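A.B. asks: Here are the chains, one letter per residue:
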Amino acid sequence: MGISRVQVATQSMQVHPKNKKIRNKKHIDYAWGYFMIAPTILGLVILNILPLLQTIYFSLCKYSGFENPRFIGLNNYAAAFHDSDVIQAIINTLVYTLISAPIGIFLSLIVAIVLNTKIKGKSVYRTIFFIPVVSTPAAIAMVWKWLLNYDYGIVNSTIKQIFGVHGPNWLADPKLVMTTLLIVGIWSGIGYNMVIFLSGLQEIPTTFYEAADIDGAGPIRKFFSITIPLISPTMFFVMVTQMISSLQIFDLIYMMFITNGAQSPALSSVQSLVFLFYRYSFETGNKGYGSTIAIILFAITMIFTAIQLFFQKKWVHYD
Amino acid sequence: MHSSRSIGKVFIYMVLILFSAIMILPFISMLLTSLETITESTQVPPLLWPKSWLFQNYMDVWNSLPFLQFYINTFAVVILRIICAVVFSSMAAYAFARIKFPGRDALFMVVLIQMMIPSQLFIVPQYEMMSSLGWLNTIKALVFPGLVSAFGTFLLRQFFLGIPDELEEAGILDGCGRFQLFVFIALPLAHSGLVAVGIFTALFAWKDLLWPMVVNMSIDKMPLSAGLASLQGQFNTNYPQLMAGSTLAIIPMIILFIIFQKQFIQGIATTGSKN
Chain L
892 MGISRVQVAT QSMQVHPKNK KIRNKKHIDY AWGYFMIAPT ILGLVILNIL PLLQTIYFSL
952 CKYSGFENPR FIGLNNYAAA FHDSDVIQAI INTLVYTLIS APIGIFLSLI VAIVLNTKIK
1012 GKSVYRTIFF IPVVSTPAAI AMVWKWLLNY DYGIVNSTIK QIFGVHGPNW LADPKLVMTT
1072 LLIVGIWSGI GYNMVIFLSG LQEIPTTFYE AADIDGAGPI RKFFSITIPL ISPTMFFVMV
1132 TQMISSLQIF DLIYMMFITN GAQSPALSSV QSLVFLFYRY SFETGNKGYG STIAIILFAI
1192 TMIFTAIQLF FQKKWVHYD
Chain W
4 MHSSRSIGKV FIYMVLILFS AIMILPFISM LLTSLETITE STQVPPLLWP KSWLFQNYMD
64 VWNSLPFLQF YINTFAVVIL RIICAVVFSS MAAYAFARIK FPGRDALFMV VLIQMMIPSQ
124 LFIVPQYEMM SSLGWLNTIK ALVFPGLVSA FGTFLLRQFF LGIPDELEEA GILDGCGRFQ
184 LFVFIALPLA HSGLVAVGIF TALFAWKDLL WPMVVNMSID KMPLSAGLAS LQGQFNTNYP
244 QLMAGSTLAI IPMIILFIIF QKQFIQGIAT TGSKN
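Line by line, the protein sequences are chains L and W. At position 204 of the first sequence the residue is numbered 1095 (the numbering used here), and the sequence of numbers has no breaks. At position 12 of the second sequence the residue is numbered 15 (the numbering used here), and the sequence of numbers has no breaks.
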């Protein structure tokens, strides 16, 4: 006896009774998906992606902000690479980043390791270290400007008391301003990375250290064989984010080396790419050139990040 | 064995105390200087302790700059940005993590791309947008770039990815729709991530100087960071008043931080750990 078409049809309906219903449910789910990402994606496109394309376009234009931009090709870039201010700003930014990031990270790690031991008053220390992080850089810059004041600041007065010579001109000596910036920059950032390192250190199981103790390992051996490898993912994260952040240094420079519109004579030894970007885009009305500088910064950032990602496999320990 | 451990401990405490002193001395100096007279502050060798306790400095600074307005502006911007970042990022992060809609991965690239670009590249076009909308010099303009958070979306997506499927399946059996799964199951589980996004957004918002400087023309629309910058123009060499102004600028945040320090520190730690 053959099975009639009706029987086959009925059977297939019994095996897949809710075909249409499942498809509808899936579509409703997709609709939720699109709905839930809509504000963010829309926002990112309007606020970030489109502006990125516009900035790239502006960098290829002569644009003062008043008339329409006029396309001039790569002239801005050519001008930038012959502009000694820009070249110096690139150098300043790189010097600042390549010195402040490693030193800052190293110090944060040391403090985090120290705080991770059995000591009293941990949270007090943690709070103290974090206070510069929650303080607005404008205020920090003002305070340090005062501490480093040539005539009356505490630093120079102390130098005079101890060494008998008048302290240096921290804010106006071209040879010294980068050091000044580095000191303040590193000082204000230690707390932030310290907290991240602390959390990473606390994730290392103490059993590892106990096992090493049983094997007779000393503190240095434990540090290099356990702590360093297991903290390396955190260290990588901190390095990438810190470098990106240092490349964008602006607030401290603007607040420390300009007073009442009068700038420090040594400003060109310390001004960063973002500083020049602000100056050209919003103070001298040269938005095209300012955009060019921003793009240059972008390129440098990408190169840095790419280099770090490349070396990640060589030294970061993932399990 | 015992003596080497105590030497180690002494060394540790010395390092800690030295570093802490370096961290906090600038603020102590700021406080002490703010209570001196101009002559006291410019004395050489410097005074260790203010003689006059000139609280008047604070009154003078408060009266010459609209500090109350600075506070209001800053808090308004921060709170609005936190709400937007948490609400929009959590929705998007949940969808990216748990709903397999077509084009999901390509759209997520948009989020990743934004995270790789220095924010300065957005500023000139954003300024022009604010200008053409007539929003320059308003709270709207200050909040605008922070309406959405790629970083928040990325971070929360990590959290939502870690939710076991069984929990959601149980919810579906109970008759939950997608949005209810999001609100009643996923959100509570990502609680520490939400706090982290909130704190990170707040920190960035109140420290930002570049955008307020670009977008604010009049002083009473400025938040604390830009308002403080304008203080420099007024009190050229009145160092005690400059210090008083700085203190006024950072005191509210420090107080907030001390009250909520656990959440703060946990929030920042979270942004670094799920990587």
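Think of the hints as simulated: they come from the structure by calculation, not from any bench. Be a bit skeptical, because a hint or two may be false.
[What the hints assert, rightly or not] Some chain W residues well away from chain L (every beta-carbon gap over 10 Å; in silico):
| no. | residue |
| --- | --- |
| 1 | Ser-23 |
| 2 | Trp-56 |
| 3 | Trp-209 |
[Said to hold, decoys possible] Straight-line alpha carbon distances no greater than 20 Å define the calculated SDA-like cross-link-like pairs of lysine to any residue that follow:
| no. | chain 1 | residue 1 | chain 2 | residue 2 |
| --- | --- | --- | --- | --- |
| 4 | L | Lys-917 | W | Lys-265 |
| 5 | W | Lys-265 | L | Tyr-921 |
| 6 | L | Lys-1113 | W | Lys-265 |
| 7 | L | Lys-911 | L | Tyr-921 |
Since this is a predicted model, take the numbers as computed values, not measurements. Don't be surprised by glycine CBs; every beta carbon is placed ideally from N, CA and C.
A.B. asks: So, for every hint listed, does it hold in this structure?
C.D. replies: Hints, verified against the model:
Not every CB of chain L lies more than 10 Å from the CB of W/Ser-23, the least distance being 5 Å, so the non-interface label is violated. Residue-level check passed: W/Trp-56 sits 19 Å from the nearest beta carbon of chain L, beyond 10 Å. W/Trp-209, annotated as away from the interface, has a beta carbon of chain L within 10 Å; the closest lies near 6 Å. Note on L/Lys-917 and W/Lys-265: the hinted pairing is violated, with a Cα-Cα distance of about 42 Å set against a maximum of 20 Å.
Distance check on the hinted pair: W/Lys-265 and L/Tyr-921 sit about 39 Å apart at the alpha-carbon level, beyond 20 Å; violated. Annotation: proposed proximity of L/Lys-1113 to W/Lys-265 is violated, straight-line Cα distance about 30 Å (limit 20 Å). Using a Cα cut-off of 20 Å, the hinted pair L/Lys-911 and L/Tyr-921 holds, with the two alpha carbons roughly 15 Å apart.
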